[in-house]
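Novice: Chains U and H, in that order, give the protein sequences. Sequential numbering from 1 applies to the first sequence in full-length UniProt numbering. Sequential numbering from 1 applies to the second sequence in full-length UniProt numbering.
Keep in mind that the hints are not guaranteed to be accurate.
No distinction is drawn between identical chains; accordingly, a pair holds when it is met within one copy or between any pair of copies.
[Said to hold, decoys possible] Simulated pairs of lysine-lysine, DSBU-like, Cα-Cα distance not exceeding 30 Å:
#1 221 to 359
#2 331 to 287
#3 17 to 344
#4 218 to 38
#5 344 to 331
#6 65 to 263
#7 234 to 65
#8 88 to 331
#9 17 to 234
#10 287 to 114
#11 331 to 347
#12 38 to 234
#13 189 to 38
#14 189 to 331
#15 326 to 247
#16 234 to 114
#17 66 to 38
FYI, nobody ran anything at the bench for these hints, they're computed from the structure.
Protein chains: 2
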Amino acid sequence: MKNSFPEDRYWMKEALKCALLGEGLTNPNPAVGAVLVKNGELIGKGYHSRAGAAHAEIEAIEDAKKRGISVCGSTLYVTLEPCNSWGKTPPCTQYIIREKIGRVVAGSPDPNPKNNPRAVEVLPSMGISFSWELLDEALFLNRGFYHRVLTGKPWVIAKIAMAIDGSLSAGVGDERWISGLPARTLAHKLRMVADGILIGAQTARVDNPQLTIRLVDKRYKVQPWRVILSLSGKLPRDLTLFRDAFKERTLVCVRMPIEMVLKELGSREVSILLVEGGAAVLHEMLKEGCVHEISFFLSAVIIGKQPLNVNPYSPANLSFPFALVKPSWEKLGEDIYCHGLLEKGSKFLESIRIEYASKG
Amino acid sequence: MKNSFPEDRYWMKEALKCALLGEGLTNPNPAVGAVLVKNGELIGKGYHSRAGAAHAEIEAIEDAKKRGISVCGSTLYVTLEPCNSWGKTPPCTQYIIREKIGRVVAGSPDPNPKNNPRAVEVLPSMGISFSWELLDEALFLNRGFYHRVLTGKPWVIAKIAMAIDGSLSAGVGDERWISGLPARTLAHKLRMVADGILIGAQTARVDNPQLTIRLVDKRYKVQPWRVILSLSGKLPRDLTLFRDAFKERTLVCVRMPIEMVLKELGSREVSILLVEGGAAVLHEMLKEGCVHEISFFLSAVIIGKQPLNVNPYSPANLSFPFALVKPSWEKLGEDIYCHGLLEKGSKFLESIRIEYASKG
């Protein structure tokens with residue numbers, strides 16, 4: 001690959017660390033981090049902290065200037081290809097050109113159709129070297145952004161909390177008795193990256209959950225949409241979701257096909273949708289093939305509660321047993337956590353890499 | 001504790017290693033190992049290899065003699081209190097006295113009522129020092145023997161093999177597609193320690209399992225009883241269980257209460273019963289409170305098969321969610337393995353320790 005240097009990977013990982021500071025906080029924008037490097041030294045860094053705030057590239061340039069260092073001729077490492085479109089801020093490509101950045105290295109492509117032409121084309125035409133140093137983590141970080149921008153629908157994470165007798169707990173964050181604190185904390189971290197949390201009407205009725213973010217530092221996080229799928233539309237008016245401080249962020253979808261629900265949420269700029277159950281909703285989502293990623297919590301507990309599985313899983317509705325792609329297992333206190341992508345999710349991210357990061 | 005020496009624990013663990021060589025092979029006898037120590041050196045060792053063969057103590061004494069070493073005045077470390085009853089062989093206490101063993105240390109008590117009086121009483125009365133060096137592992141090794149001898153019923157291990165969507169696989173050893181090889185191998189090791197394997201009629205019909213021991217070295221292992229619980233008694237005559245080389249080891253229990261099934265199996269000298277499912281049978285056993293131990297296998301797979309759960313788990317039938325006692329988690333290839341005792345099992349073993357190993 002032309003224009004590539006051995007140190008690129010190191011600096012891109014530094015930029016990723018910056019990007020992660022904005023994870024879950026930037027929607028509908030992607031989370032992006034950037035570092036500026038000159039003569040082998042970091043001279044500035046920044047990240048996009050929330051929608052409306054400066055982009056990571058600008059933050060890094062301003063950081064260097066505050067330190068009194070000229071950015072002219074430096075190399076910009078940015079986890080996502082710089083934008084070339086007018087949003088709440090001018091295109092980053094303009095800053096890069098104006099500030100005479102010497103070289104730009106990007107960790108993942110930005111396929112947003114608003115960028116026309118893209119930075120990968122614009123910057124070289126202005127004499128600025130551009131190359132990729134693709135990081136799986138950078139791609140993964142913005143899976144929701146990618147999916148919404150390209151399909152109009154959110155990336156879907158199914159959260160499954162189970163006891164060893166197969167009993168499901170829909171609201172792992174809310175039903176305190178099933179999981180230990182480390183697992184519950186992780187469950188709230190999952191909500192931190194979500195722009196919507198979806199449950200079934202039965203879960204709403206039985207658990208009366210809050211679906212808010214607790215146990216973690218929320219910072220600027222916007223309360224995710226709380227979406228209830230209902231067949232009847234008959235839900236008690238005194239549910240917490242209808243009465244608490246975030247009641248404006250509760251949506252009820254009555255007898256709406258999953259596809260339509262996802263499009264509706266996409267139009268509301270939900271990039272990552274977290275499906276928290278119960279069993280019937282999880283089944284429906286799996287059956288419709290719209291789940292990309294699974295976060296699975298297991299507790300060594302016997303509950304003896306039948307999963308609220310109205311529509312039994314049926315082999316006729318699903319293709320042959322499918323495994324998570326390279327699942328990770330982790331011990332979380334007394335519990336076990338498994339995380340992995342389904343093939344659909346894995347293939348989607350691979351397609352982004354192939355289709356949008358081959359130029360340059 | 002009187003007569004106890006710092007090296008006792010070390011030698012008892014050596015004796016345990018011997019005992020483990022007979023695990024699963026000695027039923028209806030317990031698995032026992034022994035080492036003889038003189039002047040700080042091991043002079044003989046042995047284990048009970050199968051019912052009818054010499055007891056561990058005798059093996060150790062014979063081993064020392066073969067080496068040309070006098071056992072007179074040596075210390076015998078034996079994982080289970082020596083027997084004081086006539087079985088297929090004379091009482092070990094008689095050998096110990098005749099061979100002028102100086103001191104006996106036992107790793108767990110033998111509460112078998114056939115020993116009357118017990119070695120803990122007989123040996124000191126004959127001038128032989130006796131003390132305990134209790135090992136949890138030695139107690140655990142013979143949990144089945146203890147339970148059958150004291151209650152007339154087997155110790156029950158429930159094996160649960162699950163996918164992350166809660167689907168159960170009854171015959172983890174037989175349904176090759178759900179678990180990886182390390183998990184399947186462990187499943188067959190479980191069958192190695194069992195004297196009976198129990199399934200429901202539905203599992204028999206749908207999976208048509210062999211319930212034999214494969215993938216591991218079987219040595220002298222007797223094929224465990226294969227027990228089918230059936231409500232109707234109507235089972236296809238061409239099931240493998242009715243036609244293979246072990247068809248004489250297949251039992252069908254028709255409309256029999258669990259308690260009666262367990263007593264029947266106890267009378268057939270089943271010390272450890274492995275319950276392999278399906279869901280209805282597991283539910284029944286849990287509900288009746290007759291499960292002592294759980295071996296749980298999890299695969300990061302979505303099967304989409306509804307558990308064959310005819311009688312839904314019901315919270316009304318079970319006490320409040322109960323956790324495994326100090327569960328262990330282990331990664332087995334791509335799968336997860338969880339093992340632990342239920343309170344019932346944990347308390348039973350504790351009672352043996354308290355009631356039978358307080359003397360001496």
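Novice: Work down the list of hints and note, for each, if the structure agrees.
Specialist: How the hints compare with the structure:
1. For the identical chains of this complex, residue 221 and residue 359 are neighbours neither inside a copy (35 Å) nor across copies (65 Å), given an alpha-carbon limit of 30 Å.
2. Both within a single protomer and between protomers do residue 331 and residue 287 lie at most 30 Å apart by alpha-carbon distance, with minima of 29 Å and 29 Å respectively.
3. Proximity of residue 17 to residue 344 under the C-alpha cut-off of 30 Å is restricted to the intra-copy arrangement: shortest distance 27 Å within a copy versus 49 Å between copies.
4. In this homomeric assembly, residue 218 and residue 38 never come within 30 Å of each other (Cα to Cα): the closest approach is 34 Å inside a single copy and 67 Å across copies.
5. In this assembly of identical chains, the alpha carbons of residue 344 and residue 331 lie at most 30 Å apart whether taken from the same copy (26 Å) or from different copies (26 Å).
6. For the identical chains of this complex, residue 65 and residue 263 are neighbours neither inside a copy (43 Å) nor across copies (83 Å), given an alpha-carbon limit of 30 Å.
7. In this assembly of identical chains, the alpha carbons of residue 234 and residue 65 never lie at most 30 Å apart, being 58 Å within a copy and 84 Å across copies at closest.
8. Taking identical chains as interchangeable, the C-alpha atoms of residue 88 and residue 331 are never at most 30 Å apart, the minima being 43 Å within one chain and 49 Å between chains.
9. Taking the shortest alpha-carbon separations for residue 17 and residue 234, neither the intra-copy value of 46 Å nor the inter-copy value of 64 Å comes in at or below 30 Å.
10. In the homo-oligomer, the alpha carbons of residue 287 and residue 114 never lie at most 30 Å apart, since the shortest distance is 33 Å inside one protomer and 60 Å across protomers.
11. Proximity of residue 331 to residue 347 under the C-alpha cut-off of 30 Å is found in both arrangements, the shortest distances being 28 Å within a copy and 27 Å between copies.
12. Taking identical chains as interchangeable, the C-alpha atoms of residue 38 and residue 234 are never at most 30 Å apart, the minima being 62 Å within one chain and 81 Å between chains.
13. Neither within a single protomer nor between protomers do residue 189 and residue 38 lie at most 30 Å apart by alpha-carbon distance, with minima of 35 Å and 61 Å respectively.
14. Taking the closest pair of Cα atoms, residue 189 and residue 331 come within 30 Å of each other both inside a single copy (16 Å) and across two copies (25 Å).
15. Proximity of residue 326 and residue 247 under a CA criterion of 30 Å is satisfied in neither setting, with 39 Å inside one chain copy and 42 Å between copies.
16. Neither within a single protomer nor between protomers do residue 234 and residue 114 lie at most 30 Å apart by alpha-carbon distance, with minima of 41 Å and 67 Å respectively.
17. Only within a single protomer do residue 66 and residue 38 lie at most 30 Å apart by alpha-carbon distance; the minimum there is 15 Å, versus 80 Å between protomers.
Hints 1, 4, 6, 7, 8, 9, 10, 12, 13, 15 and 16, counting from the list given before, are not met by this structure.
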